[in-house]
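> From just these sequences and the hints, can you work out the full model?
Chains E and B supply the protein sequences, listed in that same order. For the first sequence, UniProt numbering begins at 1 and goes up steadily by one. For the second sequence, UniProt numbering begins at 1 and goes up steadily by one.
Worth flagging that the hints you see were computed from the coordinates, not collected in a lab. Honestly, I wouldn't trust all of these hints.
Claimed, not checked - For each label pair, taking beta carbons as the anchor points, the in silico distance ranges come out as:
{"no.": "1", "chain 1": "B", "residue 1": "343", "chain 2": "E", "residue 2": "189", "range": "22 to 32 Å"}
{"no.": "2", "chain 1": "B", "residue 1": "622", "chain 2": "E", "residue 2": "275", "range": "34 to 44 Å"}
{"no.": "3", "chain 1": "E", "residue 1": "36", "chain 2": "B", "residue 2": "377", "range": "47 to 57 Å"}
All C-beta atoms in this analysis are idealised placements derived from N, C-alpha and C, irrespective of residue type, glycine included.
Read off the chains here:
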Amino acid sequence: MDYQNKLHVIYGDGTLGLQGPDFAYLFSYERGGLESLKIKGKEWLYREPKPTFWRATTDNDRGNGFNVKAAQWLAADYALPCQAISLKVDERKFKQVPVAPATNEFTNHEEAEKVKITFTYQTLTVPATTVKVTYKVKADGTLKVTAKYHGQAGLPELPVFGMRLIMPTMAAGYEYEGLSGETYPDRMAGGRPGTYEIQGLPVTKYLVPQENGMHMATKWVKITRQTTLNNADHDDQPFSLTFKAANGDFAFSALPYTSEELENATHQEELPPARRTVLVIAGAVRGVGGIDSWGADVEPAYHIDGTVDHKVSFVIDPGLQGNVQTH
Amino acid sequence: MEAELKWLDDPTVFRVNQIPAHSDHQAFASEAEAAGAASSLVQSLDGKWQFIFAATPNERPANFWVPAFEGPFDEITVPSEIELSDYAQIHYINTWYPWEGQIYRRPAGTGDNPQALDDFSTAADNSVGIYRRTFDLAAGLQGKDVRIRFEGAERALYVWLNGHFVGYAEDSFTPSEFDLTPYLQPTGNVLVVEVFKHSSASWLEDQDMFRFSGLFRSVSLLAQPAIHVEDLHILPTVNDDFTSGQLALKLKLTAKEAGYLTVDVQDASQTSLLHQRLTSAATVELAPVTFEQVHLWDTDDPYLYHLVIKVYSAAGALLEVVPYDFGFRRIEINANHVIMLNNHRLIINGVNRHEWNAKTGRTITLADMHQDIATFKENNINAVRTCHYPDRLEWYQLCDQNGIYMMAENNLETHGTWQKSGAVEPSYNVPGSVDLWLPAVLDRARTNFETFKNHPAILFWSLGNESYAGEDIAAMDQYYHDHDSSRLTHYEGVIRNPAYRDRISDVESWMYLPPAGVEEYLQTADKPFLECEYMHSMGNSVGGMGSYIRLMQKYPQYAGGFIWDFIDQALLVTDPVTGQEVMRYGGDFDDRHADYEFSGDGIMFADRTPKPAMQEVKYYYGLPK
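Structural data, given as structure tokens:
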């Protein structure tokens with residue numbers, strides 16, 4: 001069967017599979033997200049991507065009490081229940097996602113031009129708010145991910161807002177088009193535009209592990225790995241996946257650790273062995289500040305207001321895994 | 001004279017038999033030696049010394065200074081920090097005194113301690129290092145007067161040679177010199193040095209740093225020929241046309257015989273500009289000589305002239321060669337309260353720099369210094385504050401040569417006597433206006449001036465750091481104005497006691513004042529403004545720097561500032577769990593009370609690799625202002 005021009009849609013009893021010649025995506029209703037992103041036989045996800053709100057406390061955050069004021073976002077980052085899922089396949093809107101036995105109406109030959117699936121997450125904050133993460137998949141496998149945060153009166157400022165994707169193995173490196181070095185909204189004037197290649201997933205060796213490695217104003221980032229967890233995969237050739245900004249640019253960091261892992265260590269050597277790739281693609285990044293480290297706030301322009309909406313959007317194009325061309 | 005332990009307790013005793021502070025010039029026995037920068041008049045005593053550690057003064061062995069004393073001894077490297085050889089606990093603490101919560105103390109002469117003595121000579125927290133070594137005089141030193149120079153010793157030292165008491169010194173970060181001549185033998189000299197971690201000087205040295213002790217800088221023997229330049233004061237001035245200038249010299253000689261000296265000045269291309277012969281005397285002056293065209297020194301063009309003084313016997317034998325590179329530059333404050341260097345607005349793209357090496361603490365190498373200069377140049381850093389003590393002698397030369405403006409700070413910080421948990425509470429502040437402490441702090445000002453007065457790089461004398469303000473610091477300011485018209489004075493702490501504002505500091509200096517506060521001051525500035533500390537680079541920081549730079553571009557009265565700071569203070573140790581070499585900070589050695597990771601505020605990591613913030617510093621420091 002040739003699905004070159006159509007998505008093959010597999011209505012599983014608790015999942016939705018979308019496949020094409022070089023890709024296979026699996027959305028899990030039970031797990032509340034995109035469980036598998038397989039491209040040319042290589043799995044790119046360790047766990048479902050989720051919105052992220054927490055950055056590992058910086059020394060300045062600790063000094064001015066931001067980690068205390070924003071503490072709710074640590075809980076929201078750590079556990080994020082999925083409240084609702086909506087699905088649209090071509091023009092058909094599902095009131096409820098189709099699980100067994102409703103899936104008995106389908107066959108193994110279902111096709112679609114486009115599929116849109118939205119997961120609504122509820123934050124463990126007081127008051128709670130929601131984040132909707134929408135995956136729009138086109139016939140060629142192009143996957144557009146959009147996360148929308150709904151501002152809510154009474155919520156503290158956010159440490160960060162973005163999507164966190166955890167990959168099963170540690171990347172060999174990454175390449176991106178953006179600014180040199182590590183940049184933050186209030187520390188990016190010195191970043192020189194260009195395309196940069198980074199070996200491995202370096203963690204900046206601050207005495208106390210903390211937020212690090214952010215790259216503002218990025219057009220795209222290509223992650224290159226060489227290993228998988230698949231015991232039957234005997235191929236050791238590098239393989240890559242590119243994340244493109246859907247409109248304008250995004251910020252990202254690619255580290256072997258989650259913000260919680262960084263948060264938990266008081267010295268670099270307390271970090272666990274590096275074994276995954278944690279890619280954060282952020283739509284809103286808080287400045288790092290620098291006036292002092294014992295009380296001065298980040299300048300107001302570089303805060304992330306919790307009471308207004310925020311968004312991040314990016315595209316994964318399975319056809320772009322080789323050479324990156326965005327111009 | 002016998003050594004007295006009670007000197008440790010007496011703030012008015014800080015130098016016994018010490019040779020008065022003098023210029024940092026080097027002396028050579030010949031022109032060839034001067035050209036090769038290797039003097040036969042100098043004998044290094046660095047290396048392995050015998051060592052005894054005593055946890056308290058009471059635990060020291062009896063009569064350890066007697067040549068026949070047989071130990072037992074350990075061995076230690078000079079220079080090094082005693083704590084980093086694991087004799088004493090490593091401890092990092094910021095503003096509190098290191099005895100916080102361990103020993104109740106008040107400085108001598110303050111409210112709760114009206115008696116004139118401290119308690120350090122019997123204190124349980126005053127550990128002692130006893131250093132001993134033997135030496136034979138090198139050929140170049142024999143038959144001459146010989147002194148010993150300790151370039152740095154924390155915090156109080158006693159010296160004996162061949163069983164005779166030689167002298168006592170405080171002020172940990174400036175050279176201490178003693179005449180050894182009366183007790184010297186050609187061979188088999190037994191030198192004993194006793195270094196106490198604490199003395200009354202501990203009240204004056206409460207800098208935010210790891211608290212170490214010991215002979216942490218080099219020790220050497222220096223020989224003085226029969227006629228010797230003891231002090232050299234180079235007085236280059238720039239005329240109002242900023243084209244011509246004048247050079248005058250004032251020399252102090254020690255002379256055992258009659259003789260003469262020649263003074264030569266060459267420009268950087270070795271063209272001779274001046275040659276004069278002067279008769280040797282206790283003081284020799286070169287009257288001002290006019291230079292029609294002077295090539296001015298600044299950060300972009302650190303042009304140096306070569307001065308060479310040659311000292312001859314009456315019979316014409318060359319006794320001593322003293323080379324010194326100097327520069328012409330002029331700093332002043334104009335009617336609009338703008339600091340002008342050579343008639344151009346001064347721009348300070350500065351950093352604070354502690355001397356630091358992750359393996360050896362404040363014992364640093366020449367290579368470390370060269371690397372730091374290279375980092376400065378690469379990142380548009382044009383100024384350094386020697387926080388919060390004078391640095392190694394070589395650093396000043398490097399700044400001259402590389403055009404790094406210096407704020408040369410005295411070894412003075414009494415933070416814990418006036419600021420408690422952030423609040424201003426000067427109830428037992430020293431030096432304050434306490435007479436008892438005035439001689440010690442004035443001596444620190446004098447030593448800093450006398451040692452480094454010939455460096456064109458030094459634009460500011462900084463009276464000290466975070467010590468509040470009173471009559472004593474006002475007297476330090478006055479000292480500099482009385483002795484030096486070629487530099488400005490700087491002191492931030494007077495903002496805590498504005499009653500002294502007219503008498504202390506030529507510039508308005510703040511720390512960490514947010515941009516809005518900076519602008520508020522600049523709108524009605526009556527002194528030039530700078531931030532002696534700003535952009536606190538702790539961890540992932542240095543955000544918002546642009547707000548300061550834009551104000552610099554708007555207000556010429558804003559001379560700039562010094563980022564806090566250049567390099568993380570952290571120690572590289574082997575982690576017993578992983579076997580990896582790892583960085584450790586305050587509190588990691590069971591040290592309490594500690595201030596933990598606050599020791600790491602550099603734009604460089606402790607291993608001298610740049611933090612990501614460096615590119616931002618380079619960008620903003622590279623902008624025109």
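> Against each hint, give a clear statement of whether it holds in the structure.
Quick rundown of the hints versus the structure:
1. Against the hinted window of 22 to 32 Å, the Cβ-Cβ separation of residue 343/B and residue 189/E comes to about 31 Å, which satisfies the hint.
2. The given range of 34 to 44 Å is respected by residue 622/B and residue 275/E, whose C-beta atoms sit roughly 40 Å from each other.
3. Checking the proposed 47 to 57 Å range against residue 36/E and residue 377/B shows it holds: the Cβ atoms sit about 52 Å from each other.
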